[in-house]
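Q: The residues making up each chain are set out below.
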Amino acid sequence: MMFKKYLSVLFTCLIFISSARAQLVIEITSGADQLLPIAVVPFGYDGVDALPEDVAQIVEADLARSGLFQAIPRSNMLSMPTKEADVFYRDWRLLKSDYVVIGTVKKLPNNQYRIGFELLNVLSQKPVQKHSSIDVSSKNFRDAAHYISDKVYELLTGTRGAFSTRILYVTAEGDKKAPLFKLQVADADGHRPQVVVESKEPILSPSWSMDGRKIAYVMFRNRRPNIFIQELATGKRQQIAQFRGLNGAPSWSPDGKKLALVLSKDNNPEIYTLDIATQKLERMTNHYAIDTEPSWEPDGKGIVFTSDRGGNPQIYRLDVNSKRVERVTFEGDLNTRARMTPDGRYIVTVQKNDGNYHIALQDMKTGRVQILTETYLDESPSIAPNGSMVMYATTYQGKGILAVVSVDGLVKYRLPSADGDVREPSWSPYFK
Amino acid sequence: MSVTKLGKFAVIGLSAAWIAGCSTTATDTDSSTVAEDANTTEQANDTTENSDQAFGAGQDDAMTSVIVDENASNNNGMDSLAGVETVFYFDFDKSIVRPESREALAKHAEYLVGNPDARVVLEGHADERGTREYNMALGERRAKAISRYLTIQGVAASQIETVSFGEEVPVAFGHDSNAWQLNRRVEVRYEK
Chain A
1 MMFKKYLSVL
11 FTCLIFISSA
21 RAQLVIEITS
31 GADQLLPIAV
41 VPFGYDGVDA
51 LPEDVAQIVE
61 ADLARSGLFQ
71 AIPRSNMLSM
81 PTKEADVFYR
91 DWRLLKSDYV
101 VIGTVKKLPN
111 NQYRIGFELL
121 NVLSQKPVQK
131 HSSIDVSSKN
141 FRDAAHYISD
151 KVYELLTGTR
161 GAFSTRILYV
171 TAEGDKKAPL
181 FKLQVADADG
191 HRPQVVVESK
201 EPILSPSWSM
211 DGRKIAYVMF
221 RNRRPNIFIQ
231 ELATGKRQQI
241 AQFRGLNGAP
251 SWSPDGKKLA
261 LVLSKDNNPE
271 IYTLDIATQK
281 LERMTNHYAI
291 DTEPSWEPDG
301 KGIVFTSDRG
311 GNPQIYRLDV
321 NSKRVERVTF
331 EGDLNTRARM
341 TPDGRYIVTV
351 QKNDGNYHIA
361 LQDMKTGRVQ
371 ILTETYLDES
381 PSIAPNGSMV
391 MYATTYQGKG
401 ILAVVSVDGL
411 VKYRLPSADG
421 DVREPSWSPY
431 FK
Chain B
1001 MSVTKLGKFA
1011 VIGLSAAWIA
1021 GCSTTATDTD
1031 SSTVAEDANT
1041 TEQANDTTEN
1051 SDQAFGAGQD
1061 DAMTSVIVDE
1071 NASNNNGMDS
1081 LAGVETVFYF
1091 DFDKSIVRPE
1101 SREALAKHAE
1111 YLVGNPDARV
1121 VLEGHADERG
1131 TREYNMALGE
1141 RRAKAISRYL
1151 TIQGVAASQI
1161 ETVSFGEEVP
1171 VAFGHDSNAW
1181 QLNRRVEVRY
1191 EK
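Going down the list, the protein sequences come from chains A and B. Under the numbering used here, the residues of the first sequence are numbered 1 to 432, in order. Under the numbering used here, the residues of the second sequence are numbered 1001 to 1192, in order.
Each hint should be verified, as a subset may be incorrect.
As the list claims (entries may be wrong) - If we take Cβ atoms under 10 Å as the criterion, some of the chain A residues that face chain B in the derived model are:
#, residue
1, F141
2, A172
3, F181
4, R224
5, G245
6, V262
7, I290
8, N312
9, G355
10, E424
What the hints assert, rightly or not - Using 25 Å as the maximum straight-line C-alpha spacing, the simulated DSS-like pairs for lysine-lysine come out as follows:
#, chain 1, residue 1, chain 2, residue 2
11, B, K1192, A, K265
12, B, K1107, B, K1094
13, A, K107, A, K83
14, A, K130, A, K107
15, B, K1192, A, K177
16, A, K177, A, K257
17, A, K301, A, K214
18, B, K1094, A, K265
19, A, K96, A, K126
Unchecked claim - What the simulated footprint calls covered on chain A by chain B, stretch by stretch (three residues with Cβ under 8 Å from a Cβ of chain B suffice, anywhere in the stretch; the number is not a length):
#, stretch
20, 199 to 208
21, 376 to 382
By construction, these hints were calculated from the structure, which means they are not laboratory data. Don't be surprised by glycine CBs; every beta carbon is placed ideally from N, CA and C.
Full structure from sequences and hints, please.
A: In structure tokens, the structure reads:
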């Protein structure tokens, strides 16, 4: 058992995906015990120009990163078929591969490409997914690859894939005493980062709207925190809260109409909701303690938040209609910044035990708590829209980095950055 | 300048040299605007540009601190505050004003009472441990503790603004108790 685990860890450590253009590099540090063997064969290509990306390699990396699959190395492949008629199933049985992904890239006019793929079951010798194709421009090869990964993942696990999602995060670069803060958006695998906003003053708490088109965040201006809403496609933005004191922790309601946020304009930090269209503010908590870090439950009926009304910070649940508050967390020295899984079954929190801050998972029904991480100064957990993974910020070799852990705690990987501190990850919803 | 004051500056000089890695001596970063969409422009502000700050560190919990504002003596009768501490430190997860802060705070209170037009911003900070928004609240709580201390001494509430930077603007960059202590602070900043 231990040996097997060691092997899988060793194996996954060997998977090291990088790209010269990517700022974040994925490094899998441990893996699950039961991995589904799959071969992603290099896609056939009949053209002469170099392709912008190796689609099969991206698909392979996506699947490996999920911690559920073990990719058969290309160097072991006995053949590299590109259509089902050319597949010798016994070759793949020999390699103990349960599934095979094959595909082709065809150049079309106007810088377009047709990317076709099939998913084959080696044991039944039948396609799970018959030949299917998508047309993309050279710029969108990675989108095509993530789309294929999502398909394969869903067909084989029954869970929707989250490879086509994106992440928001904040970097602090340059001189530590006067860093440049950048709010960036990238693919969920860290590739294709783009700066959303940059400032010499701090940026924190980025949050996605449920349709993935808009974001909210806190940015300091003239040494005071303000909340902004920004449309990602156009960059158009709106300053929505600039009250005296705190303007913090914006969280989008599931229906996209409201933001939960923290204001201390009436003396101490309280949770409010803001109707974005009408600009109407409603105060949701009323307590002399700190109330902060609101996050909507997926059904929109409740808001989980952090409060130290009981002495030290713990997670509470606010019923949006009645404004009734009840305590949710009881284990650990403290629990802060809760986020709920999309099915409403669990919350993840930052829990402190014996001076260590780790990401904890609590079952909302049974109250059972599991510590998911063992890294240093873990914070800012954010859950993938399929509920499979939690991205969080941690400190590694003295630097702020992002890391990911599966909700069962078995799969862990880091996304180290090339330069600066990385923090405040926020995982996007599915894009419609 | 009195002899005692000279002595004080010598101490500052020493501690500044010792803790050079932690000082926030302003760099002359350019003040050009940050990249923004066309609708809004950002004024990058270098409010630290004109002040030299040094943080003296004693043994662990016995911190002393001095900020020398070179321009203070040129500024509307702020002479009485020359050499007065403007950074006040706090215990972990606490917002209680320490006894050693009282003397300097009394001088700030005295100045503010004597100059009703003076405005002060109390900027609260937290160390890196714990979550960022909770630390924003904690920083504010510390700033408010200083604010209460000043208002009790007669300073009008309208002269004081409290702002929190949470853990976003550390002055020490280590991941140890010394760095954390230096970062759990409230900075007193006079608005000009």
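Q: All hints are to be evaluated individually against the structure, with a verdict given for each.
A: The hints, checked one at a time:
{"no.": "1", "hint": "F141", "in the structure": "violated, 27 Å"}
{"no.": "2", "hint": "A172", "in the structure": "holds, 9 Å"}
{"no.": "3", "hint": "F181", "in the structure": "holds, 8 Å"}
{"no.": "4", "hint": "R224", "in the structure": "holds, 6 Å"}
{"no.": "5", "hint": "G245", "in the structure": "holds, 6 Å"}
{"no.": "6", "hint": "V262", "in the structure": "holds, 7 Å"}
{"no.": "7", "hint": "I290", "in the structure": "holds, 4 Å"}
{"no.": "8", "hint": "N312", "in the structure": "holds, 8 Å"}
{"no.": "9", "hint": "G355", "in the structure": "holds, 9 Å"}
{"no.": "10", "hint": "E424", "in the structure": "holds, 7 Å"}
{"no.": "11", "hint": "K1192(B) / K265(A)", "in the structure": "holds, 23 Å"}
{"no.": "12", "hint": "K1107(B) / K1094(B)", "in the structure": "holds, 23 Å"}
{"no.": "13", "hint": "K107(A) / K83(A)", "in the structure": "holds, 17 Å"}
{"no.": "14", "hint": "K130(A) / K107(A)", "in the structure": "holds, 21 Å"}
{"no.": "15", "hint": "K1192(B) / K177(A)", "in the structure": "holds, 23 Å"}
{"no.": "16", "hint": "K177(A) / K257(A)", "in the structure": "violated, 38 Å"}
{"no.": "17", "hint": "K301(A) / K214(A)", "in the structure": "holds, 22 Å"}
{"no.": "18", "hint": "K1094(B) / K265(A)", "in the structure": "holds, 22 Å"}
{"no.": "19", "hint": "K96(A) / K126(A)", "in the structure": "holds, 16 Å"}
{"no.": "20", "hint": "199 to 208", "in the structure": "holds (count 6)"}
{"no.": "21", "hint": "376 to 382", "in the structure": "holds (count 4)"}
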